[in-house]
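Trainee: As given, the protein sequences belong to chains A and B, one line each in that order.
At position 77 of the first sequence (counting the first as 1) the number is 77 in my numbering, and the numbers step up by one without a gap.
At position 147 of the second sequence (counting the first as 1) the number is 1147 in my numbering, and the numbers step up by one without a gap.
It is worth saying that the hints were derived from the structure and are not from the lab.
Each hint should be verified, as a subset may be incorrect.
Counterexamples of contact, computed for chain A against chain B with all Cβ distances above 12 Å [to be verified]:
#1 E74
#2 P111
#3 I116
#4 L130
Derived DEER-like restraints, expressed as beta-carbon distance ranges [unchecked claim]:
#5 A/D76 to B/T1261: 33 to 39 Å
#6 B/T1109 to A/P72: 52 to 58 Å
#7 B/V1212 to A/R75: 50 to 56 Å
#8 A/P72 to B/D1581: 23 to 29 Å
#9 A/D76 to B/S1649: 51 to 57 Å
#10 A/G97 to B/R1259: 42 to 48 Å
Where is the CB? At the ideal position from N, CA and C, for every residue including glycine.
Each chain is listed here by its residues.
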Amino acid sequence: MDHSTTSERCQLCTFFVGGLFLGVDVLSVQEVLRARELTVVPLAHTTIRGLLNLRGQIVTAIDLRLRLGFPPRERDDEVMFMIMRDAEGCVALLVDGVGDVIEVGDLTLEPPPETIAPHARALLTGVHQLPGRLLHVLDVRHATDVAPSQP
Amino acid sequence: MNNELHQQFVRDMLTESFEGLDRFDQDILQLEKGGVPDETLHTIFRVVHTLKGTAGCLGFTRIQRLAHAGENVLDRLREHQLAPSTALAGVLLRLSDGLRAHLTSIDATGREADADHGALIAELDRIHQPSTSVPEPAAAPRPAIFPEASVPAEIPVATAEPAGWGLFDPLPEASFPAPSNATAASESSETPPAFASTATTATAAPASSSSVRVDTGHLDRLMNLVGELVLARNQLMQVAQSRTARPETVAEVSQRLNRITTELQEGVMKTRMQPIGNVWSKLPRIVRDIAVGLGKQVRLETIGSETELDRTIVEAIRDPLTHIIRNSIDHGIESPEVRVQAGKPAEGTLLMRAFHEGGRVNIEIVDDGAGINLHKVRQRALERALLSADDAARLSERELIALIFAPGFSTAEKVSDVSGRGVGMDVVRTNIEKIGGSVDVQTTAGEGTTLRIKIPLTLAIVPALIVRSGAERFAIPQVSLVELVRLEGEAATRAIEQVYGAPVFRLRGQLLPLVFLHAELKLVSKPALADVVHIVVLQSDSRQFGLVVDAICDTEEIVVKPLGKHLMGLPMFAGATIMGDGRVALILDVPGLAQHARLLGENRERAASRQAAGADDASERSQLLLFSLGGRERLAMDLDQAARLEEFSRDRIEFTAGREAVQYRGRILPLVRVGRHLPGAHASAATGDEKIQVIVYEKGGHAVGLVVDRICDIIEEVVDLQPGSATPGIAGSAIVQGRITDLVDVAYLLNAAGVSTTRAA
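Extracted from the complex, chain A is given alone in its bound form (with noise of 0.2 Å):
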């Protein structure tokens, strides 16, 4: 919840996980996926949903409808892959669709709204108010952060 960052404006990968409407720094994602198949990885965490081949590379994929704490979804074929790349390797996130790269100042990033259940507030950097709507930051490191093993 930096508010004295640069003033630089940054462009955010915008995407939709349970009704919120969340944004990721683009430069973070690698690429989106459709729906692939997953191979589940038993007694993993359960906001693992699987492993996924990325050309070869093997890739796990959480889910982050759980991860924010929201009900699972009935279906699962119009689910998107978004595969964040960071210094320790690839990890892929599930989210219910995606949605425009978006402009924003850093200066408009509040610290998220008392309504969001705590679990998920912990999940996020802060909002952006556009015209008429939120748009929550997402804070990939802390929402890929998933203990090894609880089942």
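Dock chain B against the given chain A, drawing on the hints supplied.
Mentor: Just chain B, lined up with the frame of chain A:
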């Protein structure tokens, strides 16, 4: 100087010098034995000379100074002005240790080590100065090359130890004053360079493992293959685009692609292959140091040092091998006096042998020492409460030997007080199993011990069995695979029994604990067709268990890929792989799975085997194989006597020297028709059958097939054998399952048939 360039020079110097010093050590050991050609003397000189020059250029003055002092001595040696001696070799080895310590420090921190080796330099100078009469060099107090290695404590006082893998012998008296060392030092004016080599072998790794030398011819061949691969790809793309491609063309291209991939795979693997000699080259030095330190005489022999294996594995076995060697010399090989008393040569032999077998690398470490004292192993295990008195009496020789690998068995006080080493045999085994290998020990009291290590050639691509449980496929590395069992129909429902609430399966009379994969992994598995059960028999930690899966698919070579950090906490998975259809399959980690199922806990299995042994331990249960012949419905023989049960098609019977025989596993198996030699039975009634039932009887490496009409059952019962019957060929009768059953005397039978197992072809 450009900083990056400087770094590059330093790296080159490290790689080159570590290699050079390793060779230097070997040459010095050769020199110590005497009879070294001039060429070797020049090589020794050049190593130090080159290092001095390079170090000087790069500003490492301490190395330069030390190397200079050494160079002077080596120059005189080269000119034959100095005679090689054990003492001189000792000093030169310390020179190599000193230089190596500096290089190691540069590798780690970029700076030379703090020690300036003043005493060593002075000593080298003394040897060099022709004016002073050459003093006994090593008689001077040993300078602390490695101040952290407290010298006297490091030298085990094992000469006084009784023979036998001393692990299990009573500890030497604490007050024992190490006289052997003191006398040895004054007599031979020889002080061992202590165990400095441990530090160097362990730390030399970073610089040496960051680069690999590849033969340029080999590199060209790889490039050719890559060229072919590109061509094949182009062709494939063309075929894929054309609408009229014929299936034959596709098959042809894929065949080519297959061939190129295989060759490329082998080729790239080969660049990663290193001869095991790279590890062994350090051993002579280690053996010398330990042997001298313990006052023993040991000759090291190596066979098959050109045997190649993957460099990651070469790195992984370095420490376990060193440890095993220390153990063999320390505990296996006796002191010269003891050896002579036992009628053996004073000098012990340590043989290292490596060879490829069945796609794996075998490494044997053979010593001709005292062997493992099984009695002491048993005692020690009891002292440590590793097993109950009851179990201790029951354990087989093999199981007893396996105890030396048990954690906590490697006797803590031994390690700290006498041997001074950090790891025990349990760590050795853990490290070897971590890379998919296994360790096996054979020992003969008074004659020696053989340790056999089997390790895979590589870790990146492994053969695996693909199984299915529920909707998921899993890969099981074939290293852990023992056999597959498929049960159908009635057998499937009867086969699985409960012992103390744990499911077990009776596999040829042995109780095999079962693990249901879908239950273990909490998979939703729809109850598979209940009339077929697939059991994958797996081996972990020298124990077997059966994994029940829904289906067994295929064997495949899989490429092992690591799991992401989110899945690190799951011990039952060793990684993941991508299957032919592009989907991901998890690779099961067999030891992890067994651990997760808490299978390897001694108690449960012991309980199971005890249950099997019968409620009343007093009466022995025996396992009988029931079979029938025309005219004699109830016959039995000891199951131990039956190596296998086979079914042969009648047309496979051939005649050799007037006797019936079949070809069996590449050998000739003579057949004996039991019915013809047993009074009261008539030769096979069921002559019309297509198949014959054969019990394979094996003795002394020779096999005979006993032809019977029907194999009925294998049972385990308390047998009260009544010897009454005078019928030849019948050893006695007993009541089995409520019916009188005759026990066949197999030896008589074979005799009657004119087949003796000793001369059976």
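Trainee: All the hints need checking, so say for each whether the structure fits it.
Mentor: Cross-check of the supplied hints:
With a least CB separation of 18 Å from chain B, A/E74 remains clear of the 12 Å interface cut-off, as annotated. Consistency note on A/P111: stated as away from chain B, and its beta-carbon is indeed over 12 Å from all of that chain's, at 28 Å minimum. With a cut of 12 Å on Cβ distances, A/I116 stays outside the contact zone with chain B, its closest approach being about 24 Å. No Cβ of chain B approaches the Cβ of A/L130 within 12 Å, the least distance being about 32 Å, so the stated non-interface status holds.
A C-beta distance of roughly 35 Å is found between A/D76 and B/T1261, which places it inside the suggested range of 33 to 39 Å. Checked against the hint of 52 to 58 Å, the pair B/T1109 and A/P72 passes, with Cβ atoms roughly 53 Å apart. Between B/V1212 and A/R75 the beta carbon distance is about 51 Å. The supplied range of 50 to 56 Å therefore holds. Separated by about 26 Å at the C-beta atoms, A/P72 and B/D1581 satisfy the suggested range of 23 to 29 Å.
Separation of A/D76 from B/S1649 is about 53 Å and conforms to the stated range, judged on CB atoms against 51 to 57 Å. Checked against the hint of 42 to 48 Å, the C-beta distance between A/G97 and B/R1259 comes to roughly 46 Å, which is consistent with it.
Hint violations for this structure: none, all hints satisfied.
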